[in-house]
Each structure stands twice: as structure tokens, then as C-alpha cells.
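Colleague: Those sequence lines, one after another, are chains A and B. The first sequence begins at 1 in this note's numbering and counts up by one. The second sequence begins at 434 in this note's numbering and counts up by one.
Honestly, the hints are just simulated from the structure, not real lab data. In this text, a Cβ means the ideal position worked out from N, Cα and C, and glycines have one as well. Check before you lean on any hint, since a few could be wrong.
What the hints assert, rightly or not - Taking lysine-lysine and the DSBU-like style, the derived pairs with C-alpha atoms no more than 30 Å apart in a straight line are:
hint : chain 1 : residue 1 : chain 2 : residue 2
1    : B       : 659       : A       : 83
2    : A       : 87        : B       : 493
3    : A       : 40        : A       : 427
4    : B       : 726       : B       : 716
Stated by the list, open to error - Chain B is faced by these chain A residues, among others (derived, beta-carbon under 8 Å):
hint : residue
5    : 87
6    : 109
7    : 110
8    : 127
9    : 197
10   : 253
11   : 420
12   : 421
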Amino acid sequence: MKKKLLSALLAFTMVLSMTACGAKESSTSDQASEDKVTIKVFSNLPDRTNGQGFVEQTLFDQYMDENPDVVIQVEALDDEAYKTKFKAYASGSNMPDLVNVWGQPSFLNEIIDANLLTELNAADYADYGFINGSLDGFSNDGKLYGLARNTDVMGFYYNKAIFEKNGWEVPQTYDELIALAGKIKDAGLIPCSMDGSDKWPLSIYVHDLMQKIDPDIKTQVQDSIANGDFLNPVYAQAAGLFVDAADAGLFQSGFETTDYGTAKNLFTNSQAAMFYMGSWEMSMATDENVPEDVRNNIGVFMMPTVAGGAGNVTDIAAWNGGGYAVTANSKVKEEAIKLLNFMFKPENWSKLCWENGICMSAQNYSEYLTGEETSAQLDFTDIVSGSTSVTGVTFNDLGTSEFKTLSEDLSQELAIKSVSVEEFIGKLEEAGK
Amino acid sequence: MKKLYSNKYIILSLIAPGLLTFVFAILVPICLSVYYGFTDFSGIGAANFIGLENYTTLFKDSGFWMSLRNSLFLAVGFILIQHPIAIVVAAILDKLQGKAEGFFRCVYFIPNVISVAIIAYLWKFIYNPNFGLFNKILQSLGFKGDVNWLGSGNAIWSVLLVLIWHGFGWGMLIYYTGIKNIDPVLYEAAAIDGATSAQTFMKITLPLMKTVIQMNVTMAIIAALKQMETVYLLTNGGPGNETQFLANFLYKEAFKSYKYGYGNSISVIFVIICLAATVILNKIFAEKDERRKRA
Numbered sequence: 001m002k003k004k005l006l007s008a009l010l011a012f013t014m015v016l017s018m019t020a021c022g023a024k025e026s027s028t029s030d031q032a033s034e035d036k037v038t039i040k041v042f043s044n045l046p047d048r049t050n051g052q053g054f055v056e057q058t059l060f061d062q063y064m065d066e067n068p069d070v071v072i073q074v075e076a077l078d079d080e081a082y083k084t085k086f087k088a089y090a091s092g093s094n095m096p097d098l099v100n101v102w103g104q105p106s107f108l109n110e111i112i113d114a115n116l117l118t119e120l121n122a123a124d125y126a127d128y129g130f131i132n133g134s135l136d137g138f139s140n141d142g143k144l145y146g147l148a149r150n151t152d153v154m155g156f157y158y159n160k161a162i163f164e165k166n167g168w169e170v171p172q173t174y175d176e177l178i179a180l181a182g183k184i185k186d187a188g189l190i191p192c193s194m195d196g197s198d199k200w201p202l203s204i205y206v207h208d209l210m211q212k213i214d215p216d217i218k219t220q221v222q223d224s225i226a227n228g229d230f231l232n233p234v235y236a237q238a239a240g241l242f243v244d245a246a247d248a249g250l251f252q253s254g255f256e257t258t259d260y261g262t263a264k265n266l267f268t269n270s271q272a273a274m275f276y277m278g279s280w281e282m283s284m285a286t287d288e289n290v291p292e293d294v295r296n297n298i299g300v301f302m303m304p305t306v307a308g309g310a311g312n313v314t315d316i317a318a319w320n321g322g323g324y325a326v327t328a329n330s331k332v333k334e335e336a337i338k339l340l341n342f343m344f345k346p347e348n349w350s351k352l353c354w355e356n357g358i359c360m361s362a363q364n365y366s367e368y369l370t371g372e373e374t375s376a377q378l379d380f381t382d383i384v385s386g387s388t389s390v391t392g393v394t395f396n397d398l399g400t401s402e403f404k405t406l407s408e409d410l411s412q413e414l415a416i417k418s419v420s421v422e423e424f425i426g427k428l429e430e431a432g433k
Numbered sequence: 434m435k436k437l438y439s440n441k442y443i444i445l446s447l448i449a450p451g452l453l454t455f456v457f458a459i460l461v462p463i464c465l466s467v468y469y470g471f472t473d474f475s476g477i478g479a480a481n482f483i484g485l486e487n488y489t490t491l492f493k494d495s496g497f498w499m500s501l502r503n504s505l506f507l508a509v510g511f512i513l514i515q516h517p518i519a520i521v522v523a524a525i526l527d528k529l530q531g532k533a534e535g536f537f538r539c540v541y542f543i544p545n546v547i548s549v550a551i552i553a554y555l556w557k558f559i560y561n562p563n564f565g566l567f568n569k570i571l572q573s574l575g576f577k578g579d580v581n582w583l584g585s586g587n588a589i590w591s592v593l594l595v596l597i598w599h600g601f602g603w604g605m606l607i608y609y610t611g612i613k614n615i616d617p618v619l620y621e622a623a624a625i626d627g628a629t630s631a632q633t634f635m636k637i638t639l640p641l642m643k644t645v646i647q648m649n650v651t652m653a654i655i656a657a658l659k660q661m662e663t664v665y666l667l668t669n670g671g672p673g674n675e676t677q678f679l680a681n682f683l684y685k686e687a688f689k690s691y692k693y694g695y696g697n698s699i700s701v702i703f704v705i706i707c708l709a710a711t712v713i714l715n716k717i718f719a720e721k722d723e724r725r726k727r728a
């Protein structure tokens with residue numbers, strides 16, 4: 001008897017453990033939410049109380065208030081972890097409904113090719129005020145697959161107080177920038193803080209210089225990558241100018257291994273006079289964690305002109321990177337599109353981002369100017385409205401994801417001189433082929 | 434009870450969880466890995482069979498050789514630097530006795546208790562050329578103190594130091610336990626015969642620790658080959674590929690370049706190298722054993 005009882009118990013435990021493996025979500029919760037629509041959102045903004053994550057969460061909360069039958073479940077991860085898990089989701093059949101995407105070929109092309117995204121009706125967004133060209137990166141073969149979140153502009157943040165105290169002027173030419181680096185170093189400060197460990201800021205810096213040498217280079221870059229042809233001297237010249245800056249000590253010692261947070265901290269703690277980063281960091285001016293004397297003195301200038309270059313200071317490094325898309329296999333596709341449309345009504349994302357000094361949306365936000373903008377916000381607004389050309393997505397993001405890794409690695413190797421300018425160009429050609 | 438265990442179904446039910454876990458979590462993934470290693474799978478879409486192309490590319494890939502070299506370099510560092518120090522420290526700890534013994538045992542083990550992520554960031558700050566501890570110390574000693582510790586040329590040494598420091602506690606603790614298991618009568622007898630502590634260490638401690646050393650060395654080599662977390666967080670293989678290690682290289686190719694097929698071929702080679710290392714070590718130790726027995 002005892003034996004039978006024991007074997008029955010063991011068998012029962014085994015069956016239980018096996019069923020536990022394949023258990024679906026409990027049926028009671030299914031019943032409870034039967035009349036509710038659940039939209040699963042996969043976001044790359046894990047900080048839900050600051051910056052863009054805050055805006056995103058605010059809009060979700062507002063939407064759920066207005067639509068009591070909708071539940072929004074958010075899963076948020078940092079960029080790198082996000083991209084890895086996105087791939088895992090993509091290879092399974094259980095993708096979330098609304099996902100973050102980057103309007104760059106290195107990220108989006110494969111996903112569109114695998115038919116993972118729903119086509120959006122471009123006509124729906126005619127009166128949403130999207131800036132001309134901002135949705136290009138999210139389109140393929142004339143079909144629209146996503147909406148852009150921001151206009152990203154790369155520039156030099158500088159500490160106005162430090163500049164004023166030392167009598168330094170905003171450089172108008174690249175030579176002046178290099179000369180300024182020497183002066184700042186003599187004053188015992190780091191000229192420009194740079195995140196070299198993530199490598200992409202270095203690639204953007206090179207592309208920024210390309211734009212200053214030839215504002216029309218945009219039309220050629222994609223072909224250069226596709227054909228593995230970087231013979232145009234603009235590429236080598238830009239790479240050379242970048243090496244000059246590194247040689248002249250424009251960036252901090254060890255910039256090639258300095259991560260994003262540390263690079264930013266060098267600037268916000270007044271150890272560096274400048275910080276080369278994108279417009280999304282304009283929220284430093286409203287961030288209470290940044291010391292007041294820095295927070296209130298943040299100005300912005302663009303990459304200065306290059307001797308002999310055809311570009312002006314108004315030819316800027318700008319693109320529309322992050323955005324959202326609805327997945328093709330979503331069971332609540334209609335609802336997800338409604339949520340997306342709600343988010344990007346001009347009075348929502350665009351207004352909230354601007355009013356909170358977080359970033360510039362990809363939409364026209366001029367009617368939401370409050371008159372209380374930070375100087376960084378005003379500088380960026382002037383820069384964008386006065387721009388004569390933009391780089392669009394930079395070269396590192398214009399190829400496959402493999403090209404992205406290789407070209408960004410190369411930018412770092414160029415900075416530390418483990419490859420020469422000629423090798424840099426040669427290896428880019430190889431990577432393109 | 435004995436009858437119960439002779440019932441085949443009972444035996445099956447008892448080994449089933451372990452067996453299933455092994456099959457689905459280890460065996461099947463390895464087989465899939467071998468399969469995907471022959472394809473150009475990118476993680477999304479179709480996987481096309483491309484034969485041995487991944488492997489021929491791999492053997493021409495300078496990044497792979499660099500990371501293999503670094504991994505072996507680390508293994509040598511473990512064996513020649515970390516473990517000798519660990520054995521000596523363990524022997525000294527054993528001699529200390531009393532409260533000091535417990536105190537130092539804890540102190541040396543602390544790095545192993547702290548999370549790898551914190552260790553990596555801690556050292557990142559220590560190495561920082563602008564505000565790091567090392568350069569500040571150098572400056573206070575009157576040097577210029579502008580060493581770029583994680584920069585080109587220095588990075589691999591800095592990374593080795595962290596890894597050797599971090600793994601030290603484990604090795605030491607295992608040696609310490611081994612030493613504690615040696616019969617104290619032997620030491621007493623040696624002391625009566627007038628042996629010095631160096632002689633006792635060489636003639637008693639070391640020979641009796643042989644099996645422990647064998648195990649520790651095998652584990653050290655495998656740890657060196659699969660080193661990933663600290664390097665990923667500290668330098669992520671940079672600058673360039675200077676501090677690239679096998680596991681991190683695999684991660685980069687598979688999850689950053691999205692070359693899953695290529696990543697799988699690296700993992701197959703990786704498994705083969707680990708197996709080969711284990712087999713070779715076992716052979717070496719077995720031969721030594723036999724020679725000793727014959728002698």
C-alpha cells in the first residue's frame with residue numbers, strides 16, 4: 001500500500017511539473033479582462049519618470065483614462081538589451097503590438113523584409129505636422145511602416161559660464177575649434193567630453209565633418225556602402241580631420257573607453273567645457289541632478305566649417321532616429337494603431353516633449369513655444385529652423401547591422417590610430433562589399 | 434523501500450526531470466547550434482545552408498585569433514600568477530590560526546561576493562584617466578599621472594589584473610580547504626624532524642594538494658576561455674579588439690552584428706576548444722600520475 005501510494009505521489013509530482021512547463025496565463029485573469037483590450041508595448045525607454053520615458057508613460061496613462069476598456073502593458077529595456085530581445089521576439093510568433101523601431105536601414109530593413117510590421121496609412125498623418133522627410137527612414141517602397149519620435153541633431157554643448165570667464169569664443173571654423181582645445185587644456189580643463197566606448201558618436205562626428213566638406217554627400221553615402229566604393233576624397237578628408245582633433249587633445253584622455261554616462265558627467269560636473277552629443281540631451285538644462293551653475297549655462301553650437309569645405313555651419317548632422325511601429329501579427333492591430341495615432345497628435349507627444357524641455361519632436365512644434373525655453377532649447381530651435389541641409393541617417397547606420405558594427409569599430413580604431421586613414425577607407429570598402 | 438527503487442517506472446520518474454532538462458537545455462541547443470553554424474541565419478527570416486563558409490571565414494578572422502590569444506593569455510595568467518599566489522596565501526592563512534585566519538579568509542573572498550557589474554564599474558572608475566584612483570595616486574607621488582589605463586597597449590594588462598584579482602578568492606578558498614584536510618600529524622612529525630616551513634610546504638603541503646591543484650587548474654582554464662561578463666562591462670573588447678575574449682567575441686558577432694549563423698559556428702569551435710583543453714589537461718595529469726606510480 002505504502003509503495004503504491006508513494007509511486008502515485010511521484011507520478012503526480014511529475015505530471016504536475018510537466019504541466020507547469022507549458023502553462024498558459026491563468027484563465028481567471030482571461031475572464032476578468034475579457035471585455036478589455038490589452039495592448040502590449042515594447043519600449044526602449046526604461047526610465048518612466050524622466051525624459052522621453054516619462055512622456056511616453058504620461059500619454060499611456062492618459063489614453064487608459066480616456067479609454068477604460070484598454071489596458072496598456074509596457075515592457076521597457078535599454079537600447080542594446082532592447083535590440084537583442086527584439087530579435088528574439090521577431091523570431092517567435094508572439095511579438096508585442098506596439099514596438100519601438102529605428103528609422104535606419106541597419107535596423108529596419110531586415111524587419112520590413114521579414115514582413116513583421118503593419119503598413120500605416122500615410123494619408124492619416126497629413127495634418128499631424130510631421131517635418132518634411134522625417135518619415136522617410138520609416139518608409140520602404142513608398143509604404144509607411146512607422147512614425148518618427150524625434151528630430152535628433154548632433155552638436156557641441158558648451159558651458160557658457162566657463163567660456164565667458166576665460167574669454168573663449170564659440171569657434172567659427174574647425175581650425176579655431178582645434179586651437180580652442182589647446183587653450184582649454186592649458187586652463188586645466190577637458191576641452192570636449194566624448195563617449196568613445198559606444199563608438200557611434202565617433203562615427204557621427206566623422207559624418208558631421210563630411211557634411212561640412214560636401215553638403216551633398218548624403219546622396220552618395222548609401223551607394224558608397226552598397227558598392228564598397230569610398231574613393232571620393234571627402235571620406236578620407238573627414239577621417240583625417242577627426243584624427244587631427246583626437247591628436248590635438250580635443251577629447252578627454254581615454255575617451256575611446258569612456259562610456260556615455262561618464263562622458264556626460266565630465267560635462268555636467270564642469271570638468272569638461274564641451275560635450276559632443278545629440279539634442280536629446282537638451283534636458284540636462286532642466287535636470288535637477290545637474291548642478292545649477294551648469295544647468296543654467298548650457299549653450300549649443302554646431303560643428304564649425306572646415307577650411308576648403310563647401311558646407312556652412314548650417315549644414316548640420318540631423319536625422320530622425322527612434323520611432324514606433326505596429327507589428328503585423330498583432331491581434332489588436334486596430335487598437336494599437338489608434339494608440340499610436342493618439343500619441344502623435346500634435347498636442348500630445350510634440351507638445352509634452354517641448355514643454356518639459358525633453359527633446360524636439362519630428363513634428364512642427366512652433367505653436368507650443370512657451371517663452372520659458374531653456375537656452376539649449378532655443379539654440380536647437382534656431383539651428384534646425386536655419387539649417388540649409390541635413391545629413392540624414394549617418395553612414396554607420398546606412399548599411400546592414402554587420403556594416404554598423406564594423407564601421408563603428410573602425411571609427412574607434414581610427415581615433416586611437418590602430419588604423420590609418422587609408423586603412424580606415426580600405427576596410428570600409430571591404431565591409432561595404 | 435529497496436523494492437520501490439527497483440521499479441523501473443519509479444526510476445524513470447526520478448531521473449526524468451534531470452534527463453529532460455539535459456536533453457532540452459543542453460543537447461538540443463548544441464545540435465541546433467551545429468546546424469545553424471552551417472547557415473547564414475541572421476535571427477530573422479530564412480536560414481540558408483552555406484556549408485563550411487562560416488568556418489573558413491572564422492579562421493581568417495583576425496578578431497577570432499585575437500580573442501583566442503587573449504583567452505589563452507588569461508589562462509596562463511591564472512595558472513602562473515593567480516594560483517601560485519593563492520596556494521601560498523592559503524598556506525599562510527592556515528598557519529595564522531585564530532581570529533586573524535577567519536578575518537583574512539573573509540577579506541580575500543569579498544571580491545567574489547560582490548556582483549560582477551559592480552566590480553567592473555568600480556575598476557572602470559579606478560582606471561579612469563581623468564579622475565581615477567590610480568592616476569590620483571601617481572600624481573600624489575609626484576608623477577605626471579596621465580596614464581590611460583584602459584587605452585591601447587595598456588588595456589589588456591589592466592583587464593588581466595581585474596580578472597586575476599577577482600577570481601583569486603575562489604582559488605584561494607579551495608586550496609585553503611585542501612590544506613585543512615591534510616592530517617596535522619604529518620606537520621607535527623616534520624616539525625620534530627626539524628623541517629623548515631619552506632620544506633614542509635614543498636614536501637608535504639604541495640604533494641598532498643595535487644588533486645586540488647589539478648581541479649583548480651582545469652577550472653581556471655575553462656573560466657579563462659568562457660570569460661565574458663567582466664570584460665563586456667569593463668571594455669567590451671575595446672579599444673579595437675585589444676581586449677576581446679572568445680565569449681565576448683561570440684556575443685558581439687551574434688547579437689550586435691546579428692550574424693547568428695556565424696555566432697553559432699564560433700560557439701561550436703568554442704565548445705571544441707573547451708573539450709580539447711579538458712582532455713589534454715586530464716591526459717597530462719594522468720601521465721604524471723602513472724610516471725609517479727611507476728617510479
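Colleague: Next step is simple, just say for each hint if it's right about the structure.
Modeller: Each hint, compared with the structure:
no.	hint	verdict
1	B:659 / A:83	holds, 23 Å
2	A:87 / B:493	holds, 27 Å
3	A:40 / A:427	violated, 42 Å
4	B:726 / B:716	holds, 15 Å
5	87	holds, 4 Å
6	109	violated, 10 Å
7	110	holds, 5 Å
8	127	violated, 34 Å
9	197	holds, 7 Å
10	253	holds, 4 Å
11	420	violated, 13 Å
12	421	violated, 16 Å
Checked against the numbered hints above, the structure breaks hints 3, 6, 8, 11 and 12 and satisfies the rest.
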